[in-house]
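First to last, the protein sequences are chains Y and C.
Okay, so the first sequence: first residue is 269 according to my numbering, each after it adds one.
Okay, so the second sequence: first residue is 147 according to my numbering, each after it adds one.
Read the hints as simulated data drawn from the structure, not as lab findings.
Ideal Cβ positions, reconstructed from N, Cα and C, are used throughout, including at glycine.
Mixed in with the good hints there might be a few duds.
[To be verified] Far from chain Y, by Cβ distances over 10 Å, these chain C residues were calculated:
#1 Ala163
#2 Ile192
#3 Ser195
#4 Asp256
#5 Gly277
[Said to hold, decoys possible] Partial list, computed: chain Y residues near chain C (C-beta under 10 Å):
#6 Tyr284
#7 Val285
#8 Leu291
#9 Ala308
#10 Glu310
#11 Lys372
#12 Thr407
#13 Asn411
#14 Leu415
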Amino acid sequence: MSTVVTVNTYTHTVTYVASKLLLSLKEIIREIGLSPSKLASEWADLEEGISTWLQERDLVEIVLEVFNARTGRLATRWDLEIVYGYTGDGSLWTDTWAIKYAIKKAGCDPSGCDYRIIVRTKPGARSLPGWSSADFKSTVGFNRYWLGSTIGGNGIASETAYWSK
Amino acid sequence: MSTVFARHVASTPERTASLTWTQIATLLAPDPTSDARKEIDSVQGIGASTIASEATYNDAIVVYGGGPRVRVYCVFGDDAITGDGVNEDPLPRLPTGDGWRMSIPFPSEDVEWASKELATRSSRITARAVGEKVEEEQDDDSQSARAVPRLVSIDTAEFFRS
Chain Y
269 MSTVVTVNTY THTVTYVASK LLLSLKEIIR EIGLSPSKLA SEWADLEEGI
319 STWLQERDLV EIVLEVFNAR TGRLATRWDL EIVYGYTGDG SLWTDTWAIK
369 YAIKKAGCDP SGCDYRIIVR TKPGARSLPG WSSADFKSTV GFNRYWLGST
419 IGGNGIASET AYWSK
Chain C
147 MSTVFARHVA STPERTASLT WTQIATLLAP DPTSDARKEI DSVQGIGAST
197 IASEATYNDA IVVYGGGPRV RVYCVFGDDA ITGDGVNEDP LPRLPTGDGW
247 RMSIPFPSED VEWASKELAT RSSRITARAV GEKVEEEQDD DSQSARAVPR
297 LVSIDTAEFF RS
């Protein structure tokens with residue numbers, strides 16, 4: 269009898285988590301009622317950037333801001349925070365159902381809204397072409413709700429939270 | 147009867163969803179300057195989004211109408227790492243000749259936005275829901291259903307005379 273042992277390297281975990289982070293953003297955008305087409309047009313650049321910073325352990329969080337396209341004011345915000353050192357059971361997993369359930373609970377009127385994706389990195393993280401600096405929109409008057417871990421692998425996990433009034 | 151080739155491309159966690167799409171594009175249209183390759187590359191993000199959802203595990207990306215029919219599946223998880231079930235051999239004949247079409251499977255809740263976005267980038271590449279047949283395969287089925295069986299009889303006198 270032969271046994272095949274598969275070793276999930278850190279690079280494999282990075283690859284998995286990067287793709288699933290974008291999958292989670294797509295699910296959030298669609299479930300809120302907006303089109304993921306803008307995300308899709310940026311997918312390759314986002315995935316490459318996120319993979320690079322994850323590999324170098326410099327990615328802190330990915331933030332999806334949904335805002336009123338006319339006023340620029342925040343309508344809702346979703347944070348996908350990165351946790352390094354996550355051990356788990358060795359498997360790679362994703363839970364998008366928790367996100368879908370939370371969106372139903374949170375409720376958000378998408379009419380007149382647009383969205384953007386901001387990545388927060390550690391000080392001194394590598395600069396990548398095509399990425400520019402940005403400031404977060406004000407969250408005054410919003411409350412933050414934590415969902416817990418929604419993506420996990422060897423050494424990396426993502427914890428999701430959302431902001432709502 | 148048309149020729150059908152199948153390929154199984156390694157995806158996450160061996161490759162990101164974007165790079166998986168690039169590998170698929172390379173298989174289907176290896177010349178990066180060809181019109182077919184440029185068109186397939188233009189929908190990389192949309193294709194990557196469905197690969198990330200793993201819709202392409204059981205449902206193939208199907209290319210037809212421009213050569214042999216090609217069905218491309220993605221392999222995920224441990225198998226993608228070990229290469230078990232992966233077949234990325236170059237195609238003996240390319241499917242992206244004149245008249246080629248591509249059908250990409252999506253989770254049903256993504257078909258609407260993906261269809262609209264694909265239509266802005268390509269007239270040849272369309273979305274279908276996971277579990278649905280490709281439009282061309284539906285046509286084949288209806289043609290088979292309409293076919294009338296023909297009975298053939300042998301003229302034994304003529305047969306034995308010869």
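Here's how the hints hold up against the structure:
1. A Cβ of chain Y approaches the Cβ of Ala163(C) within 10 Å, the least distance being about 5 Å, so the stated non-interface status is violated.
2. Under the 10 Å C-beta cut-off, the non-interface status given to Ile192(C) relative to chain Y is violated; the minimum distance is some 5 Å.
3. A beta-carbon of chain Y comes within 10 Å of the beta-carbon of Ser195(C); the shortest separation is about 5 Å.
4. Here Asp256(C) does not stay apart from chain Y, with its beta-carbon only about 7 Å from theirs, under the 10 Å limit.
5. The claim that Gly277(C) lies off the interface holds: its Cβ sits roughly 19 Å from the closest Cβ of chain Y, which is beyond the 10 Å cut-off.
6. Of the supplied interface hints, the one on Tyr284(Y) holds, with its beta-carbon coming within about 4 Å of a beta-carbon of chain C, less than 10 Å.
7. Residue-level restraint check for Val285(Y) holds (minimum Cβ-Cβ distance to chain C is 9 Å; threshold 10 Å).
8. Interface restraint check: Leu291(Y) against chain C, minimum CB-CB distance 4 Å, threshold 10 Å, status holds.
9. Look at Ala308(Y): its Cβ gets to within about 4 Å of chain C, closer than 10 Å, so that hint holds up.
10. At about 7 Å, the closest approach between the beta carbon of Glu310(Y) and any beta carbon in chain C falls short of 10 Å, and the interface hint on this residue holds.
11. Taken as an interface hint, Lys372(Y) does not check out: its beta carbon lies about 14 Å from the nearest beta carbon of chain C, beyond 10 Å.
12. With a cut of 10 Å, the hint placing Thr407(Y) at the interface with chain C is violated, because the nearest CB-to-CB distance is about 28 Å.
13. The beta carbon of Asn411(Y) is not positioned within 10 Å of any beta carbon in chain C (closest approach about 28 Å), and the interface hint is therefore violated.
14. Among the interface hints, the one on Leu415(Y) is violated; its C-beta lies about 20 Å from the nearest C-beta in chain C, farther than the 10 Å criterion.
In this structure, the hints that do not hold are numbers 1, 2, 3, 4, 11, 12, 13 and 14, in rising order.
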